[in-house]
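Undergrad: Residue-level listing of the chains:
Number of protein chains: 4
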Amino acid sequence: MHLDRDQKEALRKRLRRAEGQVAAVGRMIEEDKYCVDVLMQVRAAMAALGKVGQIVLENHLDTCVSAAFQADDDAERQAKIRELMDVFAQYGNFGTR
Amino acid sequence: MHLDRDQKEALRKRLRRAEGQVAAVGRMIEEDKYCVDVLMQVRAAMAALGKVGQIVLENHLDTCVSAAFQADDDAERQAKIRELMDVFAQYGNFGTR
Amino acid sequence: MHLDRDQKEALRKRLRRAEGQVAAVGRMIEEDKYCVDVLMQVRAAMAALGKVGQIVLENHLDTCVSAAFQADDDAERQAKIRELMDVFAQYGNFGTR
Amino acid sequence: MHLDRDQKEALRKRLRRAEGQVAAVGRMIEEDKYCVDVLMQVRAAMAALGKVGQIVLENHLDTCVSAAFQADDDAERQAKIRELMDVFAQYGNFGTR
Chain A
1 MHLDRDQKEA LRKRLRRAEG QVAAVGRMIE EDKYCVDVLM QVRAAMAALG
51 KVGQIVLENH LDTCVSAAFQ ADDDAERQAK IRELMDVFAQ YGNFGTR
Chain B
1 MHLDRDQKEA LRKRLRRAEG QVAAVGRMIE EDKYCVDVLM QVRAAMAALG
51 KVGQIVLENH LDTCVSAAFQ ADDDAERQAK IRELMDVFAQ YGNFGTR
Chain C
1 MHLDRDQKEA LRKRLRRAEG QVAAVGRMIE EDKYCVDVLM QVRAAMAALG
51 KVGQIVLENH LDTCVSAAFQ ADDDAERQAK IRELMDVFAQ YGNFGTR
Chain D
1 MHLDRDQKEA LRKRLRRAEG QVAAVGRMIE EDKYCVDVLM QVRAAMAALG
51 KVGQIVLENH LDTCVSAAFQ ADDDAERQAK IRELMDVFAQ YGNFGTR
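Chains as they are written, first to last, in UniProt numbering: chain A, 1 to 97; chain B, 1 to 97; chain C, 1 to 97; chain D, 1 to 97.
For the record, the hints were derived by calculation from the structure and aren't laboratory data.
One or more hints might be untrue.
No more than 30 Å apart at the CA atoms, straight line, and that leaves these computed lysine-lysine pairs for DSS-like [to be verified]: (1) D:33 / C:13; (2) D:51 / A:51; (3) C:13 / A:51; (4) A:8 / B:8; (5) D:33 / C:33; (6) D:8 / C:8; (7) D:33 / C:8; (8) B:51 / A:8; (9) B:51 / B:13; (10) D:13 / C:51; (11) D:8 / B:51; (12) D:13 / D:33; (13) C:33 / C:8; (14) D:8 / C:33; (15) A:33 / A:8; (16) A:51 / B:51; (17) C:13 / C:33; (18) A:33 / B:33; (19) A:51 / B:33; (20) B:8 / B:33; (21) D:51 / D:8.
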């Protein structure tokens, strides 16, 4: 990854928030909270992780993908496109996984 | 939540796995791993949390929803249906969020 | 499905809207519209279908699932729970498909 | 969009398949098929549309995004990145919509 110091700190902060959300799920399970509340908390933790993913993806487009597309190497460009499509399939709602 | 001892322990175990996956994201960021690998690790952590959500939902259907549907209380039954639809909308790919 | 006349007409209307959204995708492709606009139109068509799915699911909970849970037949109740979990896995973002 | 004749025909074929899947939903509703079967058919139609989206996205990366990244125009490059992030957010499971 090609993050400058501030970007890395922002990402750490996001990840700590996600870790906090996950820890909250654990507490709710121990305290036998209502199932639907636990489900919504799990979803909040997933969303916090999703935000981390978005930041990493945007940085990837801005650095690795840009560099590969600007270089005169079509094989490398196609490799980057395939990678992006894999990421899309993993995260995406193409309903084709 | 209405989990017996074994169910609760199984859920704890799942959550610890999710926490481990999240921690792995942190290490990868610190070690400047390749973006796409980090993205796939974030997705794995989300999937581990998703599994926790599935267990909680199945238990909810088996306990709270069953009890509400078996009781002779239509208002309570409708409330449970609305809750399930909210959970579906939050987790679901109805594409309508 | 157990839809009264009005519910069925409402569902038909939703489905016609989805069909219209899908047809719009076709036109945009023929007219060589900008890719991102086509992608957003495809997403709108998926969302329209998602809405059809939500209506069917809510009706299912209100009729088939309720009847099964109210009957004194645990095997039938468990079968309905498994079905709901399958639907969740297909539509859901448990990230475990 | 920048599709050659074969690519366009392949996309038309995909879209016709999606239209067929949507029409099948309509028939199942008229024939009062079992709700869960209808839900799975709706999901199949969404997946067929998702496949159309994937083809459009891959073509977009290969043409518009590549061209923008190769041109010496940072504003245009950033605009394309923002667009891709929007598409990701619409389709993606970042859980942040």
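Undergrad: Does each hint hold? Answer for all of them.
TA: Hints and how they fare:
no.	hint	in the structure
1	D:33 / C:13	holds, 18 Å
2	D:51 / A:51	holds, 25 Å
3	C:13 / A:51	violated, 36 Å
4	A:8 / B:8	violated, 36 Å
5	D:33 / C:33	violated, 38 Å
6	D:8 / C:8	violated, 36 Å
7	D:33 / C:8	holds, 12 Å
8	B:51 / A:8	holds, 29 Å
9	B:51 / B:13	holds, 11 Å
10	D:13 / C:51	holds, 25 Å
11	D:8 / B:51	violated, 39 Å
12	D:13 / D:33	holds, 27 Å
13	C:33 / C:8	violated, 35 Å
14	D:8 / C:33	holds, 12 Å
15	A:33 / A:8	violated, 35 Å
16	A:51 / B:51	holds, 19 Å
17	C:13 / C:33	holds, 27 Å
18	A:33 / B:33	violated, 38 Å
19	A:51 / B:33	holds, 18 Å
20	B:8 / B:33	violated, 35 Å
21	D:51 / D:8	holds, 14 Å
The structure is inconsistent with the numbered hints 3, 4, 5, 6, 11, 13, 15, 18, 20, although it conforms to all the rest.
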